[in-house]
Amino acid sequence: MNFGPFIFLAAFFGLACSWFGMVLTPQIQIGRLQQTNTVPAGAVYPVARPGLARQGLSVYRANGCAYCHSQQVSQSGTVCDLVLTDVGTNETALLVALRKIRPAFSEAEDRELMVGLPKTVRQGIPKEEAEAEAKLIGATGAKASSWIIPVGPDIARGWGIRRTVAEDFLFDYPVMPGSQRVGPDLANVGVRRPDMNWQLQHLYAPRIEVKDSPMPPYRFLFEKHRIEHGPSSVALALPPALAPEPGYEILPKPEAVALATYLTSLRANEPLFVSPVSVAEPKTPATNNPANSSVGAEATNAPSSK
Amino acid sequence: MSSPSSQPVLHAPTADAKVGQVTEIDLSCRLPLLVLFLSAATWLVIGWVFQLIASIKFHNPNFLADHAWLTYGRVHPAFTNSFLYGFGLQAGLGVILWLMAQMGNVRLVNGWLVTVGAKVFNLGITVGVIGILAGDSTGFEYLEMPGYASVLVLIGYVFIALWGVVTFHQRLRRQLVAAHWFLLSALFWFPWVYSSANLLLVTFPVRGMAQAVIAWWYAQNFLVLWTALVGLGTLFSLVPRLAGRELNSHYTALFTYWILILFVGWGGIPNPASVPAWIPTVSTVGTVLALLAFIAGPLAICQTLDCSWAAVRRSAPMAFFVFGTICFAVAGFARGGIALLDSSHALHFTWLAPALTALTFYGFFGMVLFGAVYVIVPRLLGVGLPSPKLMRAQLWLSVIGVLLVFVPLAIGGIVQDSKLTDSHVPFIEVTRSSLLFLRASTMGDLLLLVAHILLLANLIGLVVGFYRTRATTTYAELTEDRFKPARARS
Amino acid sequence: MISDAKQPQQVQAQPERGSGKAPVPIWLFILLFLLLYWGMVYFDLRGGWFDPRVYAPYHTFAQVETWQPVSGAAGLFSQGKAVYNKPTCVACHQADGNGVPNLNPPLVGSEWVNEPEPGRVIRIALNGLTGPITVKNQPFNGNMVPWKDTLTDDEIAAVLTYIRQNREWGNHAPEVTPERVKAVREKLKSRSTPFTPDELKQIPASD
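Chains as they are written, first to last, in this note's numbering: chain A, 5 to 310; chain B, 25 to 514; chain C, 1391 to 1597.
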């Protein structure tokens, strides 16, 4: 076959296949995603980043932060925790049920579970087991629910409570999931390090916060300023070895503030349908609480585990 | 050189060209290809200076840290873009053009436009690299050159590649060989994927995670597929030529071609990506199926050489080609292996990934291009290297350099992964454990920088040798009359 | 020198070496088909069949659904709050649940809402209400639109749980389950008109 255009057609066909599969179909599926709702609260997610955070995204891009930091939390599986939310009126029956569920623990430990609710009764069990045990507890008049807990090395490291999904990056341009983990994953850094001052100090001199950090100092994002009318409220508090000479202070430039705002806005911990996780309801002010009221009351912070 | 008609025309059957004799085809390719190859070699040196700076920053984060334009996050993409586009694309195009002319037994059509295209291309890369250092990076890995520069790059590329296609169309020897399939497809492939990626990511950006998918698709199609097409096409053409044998076999080469274009383009999406499960799954299936190409291609080369090392010992360019083939196979299998690991591993995020990129783009593609350049440039100029030892010196520097880069980073990556997946290991420990391997790879980068300076020196030496020979010959011709009476008398 | 590109000269040259015509080794094809089969099995197991809602480690949409947080009462309440504020109910009954005097009855402390059996409020929510009604000794005479075609059983159960258990409003009635709503909906299948308060009073509480 000495017909040149045939090669062109073959190449075009080969490209068209991967183009349809890897460009067009993802564009149809995730390129046209709209905002979704968290589950079960129904809040809108994601919310667009505020303007300063979006400028910070631009600083993140210009300085190539994505070459050392990833923004993808992965998940290797899901398990259940059994959480006791209400002891009900029949404590003895509840105790019997608890002994059945947790034979390895003593009665005293089981009794401890019944105060200071909500408390985790069992951790890391399969779903069917959790539901069966929840029914068992429910039969005694108490209330227990099974919480959905994603697991994986990233989650165990505290980098997130669930895996990141396409909705987490809906409004970002450019999306920089990163390809290296020379530094920790940043998908939820706004949850781990919400303090702007920490972020600014870390940018100026990473070794203040993290010993032996290989991250380069971004001193060019800051400027040395002569103290004229008294120290500025945004001046960095530096250890003596790094502090400027007396009469001078280090102030962050707008790029540094924007970048720090962007970093503190990074969170991907809302429960979604595609990435389910149980979270505690937010605390509300205390109201009249009739005796059988635990049902429907908004739970307080995450249950203490045992 | 005097007019073509007064010289006999011949093809030198071996790599070491006979001094003084240049065929018409080579003559037509001379200026454009020299521009392409010398620019490529220059970008290689520039790129590796950037890489050395980036490498040193890992051991001393304060190194050059006060300058915004030299921060790691800008110097690293400057390196990758200089290397991938400045060297890889230009040298690859040069080799494709020469092979198209040679295989078709026809002169390169409109070589002067190719030269113009090369200049525009270089302008684009320069503007792009400066743009990246200034902070205008697009944010997409391997596509960092800002829009205003990638337009120039694309225009330059089209200027160059167009005449490769026209030369192919006007070929005198009409029969299609396997190398034609690879090289002609490659000429079209790059502008298709590059323009798609730039349109969908920079000009009219798509929304959300689709950007990342398209960026990964582009990176795979350029870094793995385009280099495979050009590299294998070069190998299937030059290895039989150098060895004086037939390609064994044409059909195996075509099998490799079809596997490449049908399956390799799907790969490249890492398993932990924040996209629906079908995308990384399909990508993994594509990568594993593509293994067949990484078996069949090297198999064809091996069978052509009768699977013996004799040819390697005989000629240095062949050594480049064989090393490249081995790296091609290793990289392909490594990619297949990584794709099969599930999300409980994080190998995609470790040093193994850049190690594999280095192995693919340098160990395979770069080395094949070096070999091809050492075959082509002496023939373009009609001069040989002052000593073949210089070629071997660069060969050894490059081989040891790339192994010193790849092996420590690969091992470091595996160690990093085992620590990353163990959540009891504090993160700073993970980073600390890889510093030793990074140190070794910095040594490798240093060796590679020396190797590239040597390559540039060799090429410039060839050009200087050409002018010196021409000056000597011209002087001899001009002064012939002067010495005639003296010779007659003696 | 480049000028005669239009007429490529015949250059004497050694003929290009032909390529060997040996066939592709058969084991490559066998391997190809084996890998294709493996690929199909692999995709079947992990690909989620192109569903955009399936992310690893889940393999099918059904799996994702089973792993959703179970809507216990806590879940129903917050889900119901979202439904209430959609703005399904808030438009008339207001965010504080006090309604509008003489127009929309309040839900705060309402005896209709706080009935131990939810049958009546379910009927109101499904089919709507018309005719004069007394809530907390205040007369109202308006129309409430039916929600059976707009809200699912889950949503109706959730919003009714929300208004019945809202402590801030002083309501402390038992929750409403989606199963109960479904059962009532079945009974009302043939009815499309709104209820009147008198009709509701005549229906037994546990219905």
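It should be emphasised that the hints constitute simulated quantities derived from the structure, not laboratory data. One or more of the hints may lead you astray.
As the list claims (entries may be wrong) - In silico DSSO-like links for lysine-lysine, alpha-carbon gap of 27 Å or less:
{"#": "1", "chain 1": "C", "residue 1": "Lys1572", "chain 2": "A", "residue 2": "Lys139"}
{"#": "2", "chain 1": "A", "residue 1": "Lys131", "chain 2": "C", "residue 2": "Lys1572"}
{"#": "3", "chain 1": "A", "residue 1": "Lys228", "chain 2": "A", "residue 2": "Lys257"}
{"#": "4", "chain 1": "C", "residue 1": "Lys1591", "chain 2": "C", "residue 2": "Lys1526"}
{"#": "5", "chain 1": "C", "residue 1": "Lys1579", "chain 2": "C", "residue 2": "Lys1476"}
{"#": "6", "chain 1": "C", "residue 1": "Lys1591", "chain 2": "A", "residue 2": "Lys139"}
{"#": "7", "chain 1": "A", "residue 1": "Lys123", "chain 2": "C", "residue 2": "Lys1471"}
{"#": "8", "chain 1": "C", "residue 1": "Lys1572", "chain 2": "C", "residue 2": "Lys1476"}
{"#": "9", "chain 1": "A", "residue 1": "Lys104", "chain 2": "A", "residue 2": "Lys131"}
Said to hold, decoys possible - Partial list, derived from the structure: chain A residues whose beta carbon lies under 7 Å from chain C:
{"#": "10", "residue": "Gln33"}
{"#": "11", "residue": "Thr42"}
{"#": "12", "residue": "Gly81"}
{"#": "13", "residue": "Thr82"}
{"#": "14", "residue": "Ile152"}
{"#": "15", "residue": "Val169"}
{"#": "16", "residue": "Ser217"}
{"#": "17", "residue": "Ser269"}
{"#": "18", "residue": "Val278"}
{"#": "19", "residue": "Pro280"}
Virtual Cβ for every residue (Gly too), placed ideally from N, Cα, C.
Results for each hint:
Restraint check for Lys1572 (chain C) and Lys139 (chain A): satisfied, since their Cα atoms lie roughly 22 Å apart, inside the 27 Å limit. Under the criterion of a C-alpha separation no larger than 27 Å, the hint pairing Lys131 (chain A) with Lys1572 (chain C) is consistent with the structure, at around 26 Å. Our distance criterion of 27 Å between C-alpha atoms is met by Lys228 (chain A) and Lys257 (chain A), whose separation comes to about 10 Å. For a cut-off of 27 Å, the pair hint linking Lys1591 (chain C) to Lys1526 (chain C) stands: about 16 Å separates their Cα positions.
Distance check on the hinted pair: Lys1579 (chain C) and Lys1476 (chain C) sit about 26 Å apart at the alpha-carbon level, within 27 Å; holds. A hinted pair counts as satisfied when its Cα atoms are at most 27 Å apart, and Lys1591 (chain C) with Lys139 (chain A) does not qualify at roughly 35 Å. Straight-line distance between C-alpha atoms of Lys123 (chain A) and Lys1471 (chain C) comes to about 25 Å, which keeps the hinted pair within the 27 Å bound. With a C-alpha separation of about 22 Å, the suggested pair Lys1572 (chain C) and Lys1476 (chain C) falls inside the 27 Å cut-off, and the hint holds.
A threshold of 27 Å between alpha carbons decides the hint, and for Lys104 (chain A) with Lys131 (chain A) the separation of about 18 Å falls inside it, so the pair holds. About 4 Å separates the beta-carbon of Gln33 (chain A) from the nearest beta-carbon of chain C, less than 7 Å, and the hint is met. Because the beta carbon of Thr42 (chain A) sits about 9 Å from the nearest beta carbon in chain C, more than 7 Å, this interface hint is broken. Proximity of Gly81 (chain A) to chain C holds as hinted, the smallest CB-CB distance being about 5 Å (cut-off 7 Å).
Using the Cβ-Cβ criterion of 7 Å, the hint placing Thr82 (chain A) at the interface with chain C is satisfied: the shortest such distance is roughly 5 Å. At its closest, the beta carbon of Ile152 (chain A) sits 5 Å from a beta carbon of chain C; the interface hint therefore holds under the 7 Å criterion. Evaluation of the Val169 (chain A) hint against chain C yields a held restraint, the C-beta minimum of about 6 Å falling below 7 Å. Interface hint status for Ser217 (chain A): violated, as the beta-carbon distance to the closest one in chain C is roughly 31 Å, over 7 Å.
Taking 7 Å as the C-beta cut-off, the interface hint given for Ser269 (chain A) is violated, the closest approach to chain C being about 23 Å. For the restraint placing Val278 (chain A) at the interface with chain C, the shortest Cβ-Cβ distance is roughly 5 Å, inside the 7 Å limit, so the hint holds. With a cut of 7 Å, the hint placing Pro280 (chain A) at the interface with chain C holds, because the nearest CB-to-CB distance is about 5 Å.
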